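**Q** With the numbering used here, letter number 200 in the sequence shown gets 205, and the count goes up by one each step, no holes.
Quick caveat, the hints were computed from the structure, so don't treat them as lab data. Hints are supplied without guarantee of correctness; some may be wrong.
Per label pair, the in silico range of CB-to-CB distance [to be verified]: (1) 314 with 147: 36 to 44 Å; (2) 274 with 70: 30 to 38 Å; (3) 274 with 117: 43 to 51 Å.
Predicted, not measured: the structure shown is a model, and the values here were computed from it. Note that beta-carbon positions come from the ideal geometry of N, C-alpha and C, so glycine has one too.
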Amino acid sequence: MTTSREPAAAPDHTPYVARSTTDLVVMAPLVLGFHPRDSVVLLTFGAGAGPGFHARVDLPTDLAGQQQVAAVLVPPCVDHDAHHVAVLLHTEDAEAARSQAGLLVEALLAAGVGVLDVVRVEEGRWFPVPEDGDPGTAYDLSTHPFTAHHVFEGRTVRRDRDEVAASLVGSDDTDLAAVTLAATRAADDLLLGTRPVRSVLRPEGRWLQRRLRRSLVDRQSLSAADAGRALALVALADLRDVALAEIERGNARQHVELWRALARRCPETLLPGACGVLAIAAWQAGDGALAWCAVDRAVEVDPDDPMAESVAQLLLGAVSPVTWDPPRGDRLPLFLG
Numbered sequence: 006m007t008t009s010r011e012p013a014a015a016p017d018h019t020p021y022v023a024r025s026t027t028d029l030v031v032m033a034p035l036v037l038g039f040h041p042r043d044s045v046v047l048l049t050f051g052a053g054a055g056p057g058f059h060a061r062v063d064l065p066t067d068l069a070g071q072q073q074v075a076a077v078l079v080p081p082c083v084d085h086d087a088h089h090v091a092v093l094l095h096t097e098d099a100e101a102a103r104s105q106a107g108l109l110v111e112a113l114l115a116a117g118v119g120v121l122d123v124v125r126v127e128e129g130r131w132f133p134v135p136e137d138g139d140p141g142t143a144y145d146l147s148t149h150p151f152t153a154h155h156v157f158e159g160r161t162v163r164r165d166r167d168e169v170a171a172s173l174v175g176s177d178d179t180d181l182a183a184v185t186l187a188a189t190r191a192a193d194d195l196l197l198g199t200r201p202v203r204s205v206l207r208p209e210g211r212w213l214q215r216r217l218r219r220s221l222v223d224r225q226s227l228s229a230a231d232a233g234r235a236l237a238l239v240a241l242a243d244l245r246d247v248a249l250a251e252i253e254r255g256n257a258r259q260h261v262e263l264w265r266a267l268a269r270r271c272p273e274t275l276l277p278g279a280c281g282v283l284a285i286a287a288w289q290a291g292d293g294a295l296a297w298c299a300v301d302r303a304v305e306v307d308p309d310d311p312m313a314e315s316v317a318q319l320l321l322g323a324v325s326p327v328t329w330d331p332p333r334g335d336r337l338p339l340f341l342g
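Start from the sequences, fold in the hints, and give me the full structure.
**A** Following this line, the structure appears as structure tokens:
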């Protein structure tokens, strides 16, 4: 599943106000960050405790799979007191859309969630569900005011979810070799030292803290030596906590770009640490699609990675980023005592 939540208090992003079905259809790829295909998209509105969340799951064609979709999507709506939802079925399979819509709408209404709209979406045209022979309504994503606003804010929409996932995979083998060598040396320094563990980790944590802060200021790519060292450090839980403590709602998008770049340069064995930090940054930035892709990348290497599992539970529950309040700076356990 892909879940994302409209930022509750992000001054650089203005929430969209949909006044028509076409507005809802155009809004979906903008809030998800990619164009959904063969997907069920749920847009929620009027959540009691804050902004609505938006979710996407693959559209199954079998009954059991469609029942599971309803079982996954309805509980977060109830948990977050969503007053109304819109259901968008992105598919050319009208029968699959009809069947899934029936099951999902029935479950939503039974849970006390109002349904504003149910439509099937093809490229450039949407249809009401159930369909009655209506030729559909044409729409142009490129000329819609929502799209113009999205571009003005400097945000992009990926072609599909696969393109989001591909943004985490690097292609510079020479750089990867240099980063891998630096990471190996950094790991050896940590593991082969004779000093007590905390006396080794504390200065490394301070270095990581300073390096990440400098990177947000200068916006420069890390050298291979620094990238390898940082990636080796965040493979350790205490030092990963140092990186996580640097992420806030106000700088989350900067951390997304920093850690996306590091994930692209990361040796495979170290991916769970880097992707765990990236997943949290993406969640804080309201980019559920990227957060899920980072989780997927981590579990490809370690199916039991606890950080990936923790982020997955946050995303599945559509937990608001504003609830996150980790220890900061000198309050981190590593720096106490």
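**Q** Does the Cβ-Cβ separation between residue 274 and residue 70 fall within 30 to 38 Å?
**A** At 34 Å between Cβs, range holds.
**Q** For the hint 36 to 44 Å, verify it against the beta carbon of residue 314 and that of residue 147.
**A** At roughly 39 Å between Cβ atoms, residue 147 and residue 314 fall inside 36 to 44 Å, so the hint holds.
**Q** Against the range 43 to 51 Å, how does the distance between the Cβ atoms of residue 274 and residue 117 compare: consistent or not?
**A** holds, 47 Å
When held up to the earlier numbered hints, the structure conflicts with none and fits them all.
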